[in-house]
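Chemist: What follows is each chain in one-letter form.
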Amino acid sequence: MTSSNSSKPQINAFREQILNAAKTNTPLSIEGGGTKCWYGNPNQFEKLDTRSYAGILEYQPEELVITACTGTPLKEIEAALKEKNQVFAFEPPHFGEKATFGGAIAAGLAGPGRISVGNFRDFVLGARILDGKGQDLAFGGKVMKNVAGYDVSRLLPGSMGTLSLLLEASVKVLPKPAATVTLRCQISQGAALKVLNEWAGQPLPLSASCWIGNDKDADGELTIRLAGAAAAVKAAIPLMSSLVNAHEISAETAETFWNDLREQRLSSFNNLGADQTLYRLALPAACGPLTIPNSSNDVVLEWHGQQRWIKATGDETTFTSIKKLANSHGGHATRFRQGANVNPSFERFTLLSEQAHSKALEAVQARLRSAFDPAGVFATKRLP
Amino acid sequence: MIVMNMVTPPPDLAAISALQTKLVSALRPILPEHALLWEPEDTIPYECDGLAAYRRMPLAVALPETEEQVAQILKVCFEMAIPVVPRGSGTGLSGGAMPLSQGLVLSLAKLKKILSIDPFTRTAVVQPGVRNLAISEAVGHLGLYYAPDPSSQIACSIGGNVNENSGGVHCLKYGLTLHNVLRVRGVLMNGEIIEFGSLAPDSPGLDLLAIMMGSEGMLAVVTEVTVKLVAKPKLARVIMASFDDIEKGGNAVAAIIAAGIIPAGLEMMDKATTRAVEEFVHAGYDLDAAAILLCESDGTPEEVAEEIERMTKVLEQAGASGIQISKDEAERLKFWSGRKNAFPAAGRLAPDYYCMDGTIPRRHIATLLKRIQGMEEKYGLGCLNVFHAGDGNMHPLILFNGADQEEWHRAEEFGTEILEACVELGGTITGEHGVGIEKINSMCVQFGEGERESFWGVKAAFDPEKLLNPDKAIPTLSRCAEYGRMRISGGKLPHPELERF
Chain Y
1 MTSSNSSKPQ INAFREQILN AAKTNTPLSI EGGGTKCWYG NPNQFEKLDT
51 RSYAGILEYQ PEELVITACT GTPLKEIEAA LKEKNQVFAF EPPHFGEKAT
101 FGGAIAAGLA GPGRISVGNF RDFVLGARIL DGKGQDLAFG GKVMKNVAGY
151 DVSRLLPGSM GTLSLLLEAS VKVLPKPAAT VTLRCQISQG AALKVLNEWA
201 GQPLPLSASC WIGNDKDADG ELTIRLAGAA AAVKAAIPLM SSLVNAHEIS
251 AETAETFWND LREQRLSSFN NLGADQTLYR LALPAACGPL TIPNSSNDVV
301 LEWHGQQRWI KATGDETTFT SIKKLANSHG GHATRFRQGA NVNPSFERFT
351 LLSEQAHSKA LEAVQARLRS AFDPAGVFAT KRLP
Chain H
385 MIVMNMVTPP PDLAAISALQ TKLVSALRPI LPEHALLWEP EDTIPYECDG
435 LAAYRRMPLA VALPETEEQV AQILKVCFEM AIPVVPRGSG TGLSGGAMPL
485 SQGLVLSLAK LKKILSIDPF TRTAVVQPGV RNLAISEAVG HLGLYYAPDP
535 SSQIACSIGG NVNENSGGVH CLKYGLTLHN VLRVRGVLMN GEIIEFGSLA
585 PDSPGLDLLA IMMGSEGMLA VVTEVTVKLV AKPKLARVIM ASFDDIEKGG
635 NAVAAIIAAG IIPAGLEMMD KATTRAVEEF VHAGYDLDAA AILLCESDGT
685 PEEVAEEIER MTKVLEQAGA SGIQISKDEA ERLKFWSGRK NAFPAAGRLA
735 PDYYCMDGTI PRRHIATLLK RIQGMEEKYG LGCLNVFHAG DGNMHPLILF
785 NGADQEEWHR AEEFGTEILE ACVELGGTIT GEHGVGIEKI NSMCVQFGEG
835 ERESFWGVKA AFDPEKLLNP DKAIPTLSRC AEYGRMRISG GKLPHPELER
885 F
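Line by line, the protein sequences give chains Y and H.
Each residue of the first sequence is one higher than the one before, counting from 1 in this note's numbering.
Each residue of the second sequence is one higher than the one before, counting from 385 in this note's numbering.
With the rest of the complex left out, here is chain Y (with noise of 0.2 Å):
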């Protein structure tokens, strides 16, 4: 990794906050532009702000790696990228101007190109960190294949700021694809998934999909996009329209629908009520419809169907058979947005032991964030 002299004022400043917080054993909670703060378990440590290290490190577009500071703004990034015509192609969600690109990382959520690309993990290449112990330690590189040492930097998307404090990462990124199209349909959401899933196992450039209803015997709206070459999404659009009867959309519409999509800023993620919790469930490709209790409104799924969010009464019964639900499926769920009125204190996350499958990853987990972080300066409980 890249290590300016510049930056020393900034990391030395990271290492005292770290160190001291290890000699009280408090943990600390990191943050950059605080626009995902509400997502996982909250806390009232003291802060770190990440925004004093930020800015793009190393960026060549013909090797697809962009290298930056923790506290760069994400959009900031993004722009850098646009103009060279490239995308974080997992489409990481923003939720607010102020987002940093170590904060995606932290959070390691992904848009609607995460079903036919992959997850943010599957693009980090490499990282900086701080340990609990205040070591500046190196993983991974700028190169896309690496397999010296063990992958500690791809530990890093989804930990929550609970394994060490980023520094620094790489991240592949991948050209625009050339051509990009958006259909539409009126589809019953056993029919879409299955539909969906045929199409996924074809050479067709599906991109993404979208289904919104809330019923789930009846008709919803399913959106998908096709991108790749020209010549080939051209040829699957008749292909694919023909079998759902469905339309083209402008591309404005379009790129408005997805970017909405990706940040919840549909109408269906709106109008949280008080006592609602906006669940998530990442289920199976084999996972059909379900019948979610205590739930209203849209439902809306993505990444054909693997991705689910779901409305519903935010106690922890309803949690529970939620949970039990996605479980007895091959999946797991998390209480993603909290109405006003639910007990923030509620778990926010299914944990490894209530999983036969995953019950011993817990001690295995445990002895792997110690390892990093002995003092618990990350112990924060955000990820549990």
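Keep in mind the hints are simulated off the structure, nothing from the lab.
Keep in mind the model is a prediction, meaning the values are calculated, not measured.
In this text, a Cβ means the ideal position worked out from N, Cα and C, and glycines have one as well.
Fair warning: there could be bad hints in the mix.
To be verified - Away from chain Y, derived, C-beta distances all over 10 Å, residues of chain H:
(1) T405
(2) E521
(3) E662
(4) Y763
(5) D788
To be verified - 30 Å max Cα-Cα, derived DSBU-like pairs, lysine-lysine:
(6) Y/K359 <-> H/K459
(7) Y/K133 <-> H/K850
(8) Y/K47 <-> Y/K133
(9) H/K754 <-> H/K655
(10) Y/K172 <-> H/K406
(11) H/K711 <-> H/K697
(12) H/K697 <-> Y/K84
(13) Y/K234 <-> H/K618
(14) Y/K75 <-> Y/K176
(15) Y/K176 <-> H/K632
(16) H/K632 <-> Y/K172
(17) H/K494 <-> Y/K359
(18) Y/K324 <-> Y/K194
(19) Y/K194 <-> H/K616
(20) Y/K234 <-> H/K406
(21) H/K459 <-> Y/K194
(22) H/K557 <-> Y/K172
(23) H/K557 <-> H/K850
(24) H/K655 <-> Y/K82
(25) H/K632 <-> Y/K82
(26) Y/K359 <-> H/K557
(27) Y/K381 <-> Y/K359
(28) H/K850 <-> H/K494
(29) H/K557 <-> Y/K234
(30) Y/K23 <-> Y/K133
(31) H/K494 <-> H/K459
(32) H/K655 <-> Y/K176
(33) Y/K234 <-> Y/K194
(34) H/K724 <-> Y/K172
(35) H/K406 <-> H/K459
(36) Y/K172 <-> H/K616
(37) Y/K234 <-> H/K711
(38) H/K496 <-> H/K459
(39) Y/K176 <-> H/K618
(40) H/K618 <-> Y/K194
Place chain H on chain Y using the hints.
Modeler: For chain H alone, kept in the frame of chain Y given last:
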């Protein structure tokens, strides 16, 4: 291949023999008779993997047929504090499966069933001993395949692929093992069954599946793998471009990527390689070219036509002196045949060759090739360069005669210098072959003490007693100190705080 024997005689034969007797009698109740080997004539095939220069005889070899047996074997070894070296097909090129003289080799070769195939969810559940290519063969009739295709794919096993995070010719577009595996089930050293990942797009907690990938058999023994299957492209065509200058070839690689194209494969061969393989396969390669680039497009016929046209333009602009486009599948395979036969062709030029595996940023390809030319003179040994140009993963093949100890020593030094150049150019010592035992000293160059200590922390999180393949991939502090002493420069000793013997 390399034929030297680096074995140092075990220190105490009587003690080893006693330990062997103890281990064998503890394992006998668990395994059928044919699944436990300890006579030297039975265990000798296991003394090395694909890196034959490093050999050692193990105490015994166990060949379990079920996950239950794997767990029981590990439990026994755990209780007896006997280290275990897991082994797949033994095709690894870094000595990752080299036995320990006081340890057990645990071969997963008999766990070779494809347990289920689901075309709807595009997944297959397979046991670790299933060969990489066998998966694609089993699902081919469904229009699907398993994308990572390491060059050893006819023989190498999926369990080994997980442990090395194997790539292949097509990983630029389709990803590494990491990107194509959803779930891994395995057994910890203490015998506990553990599962990483799931069929869902993500799982609760830290992403421990990611750290299992490429962990070189040091964290858990893999017993089941759920792989992702992808749609077989309808068509593939390859462009073969010649360059009269290696630098132009290197720049063409960068130009393709900069043009927004991700080819299905982007491979390069230098002049020495082209000549060697042409004599072997008669593919009609341009023998005057300083570099040959193979650039493949796959997808629908429309997509391929469009991409081939774009790639051709870029290659012409980059100064290609000749361009041929495969007309049909037979010609495509002919163009590829040389690249795929580079290793056997090297075997015809010299008694032995030593295959390196560094990765560098693409823009430095020409720089590294020029440096290697200088090293050929310095060490008095020839070197063929074939590589995955698209992702900067180089495979220099150093030619030498293994019957000559001194020549092997020079080959090793040559290889080490290449790896150090890779690190210096911003790359890594291993792109896909793994560190194993072979590159363990180079880990001291690529990583500092803090990183290496963290790696030990990761290892201990899974295997606190450090019994699972303990001497591979991660060097100890004293090993790096010793290596530093050997490569002392400027009169300064690394790790002056350490005692030296």
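Chemist: Looking back at the numbered hints, which does the structure fail to meet, lowest number first?
Modeler: 10, 20, 21, 23, 24, 26, 32
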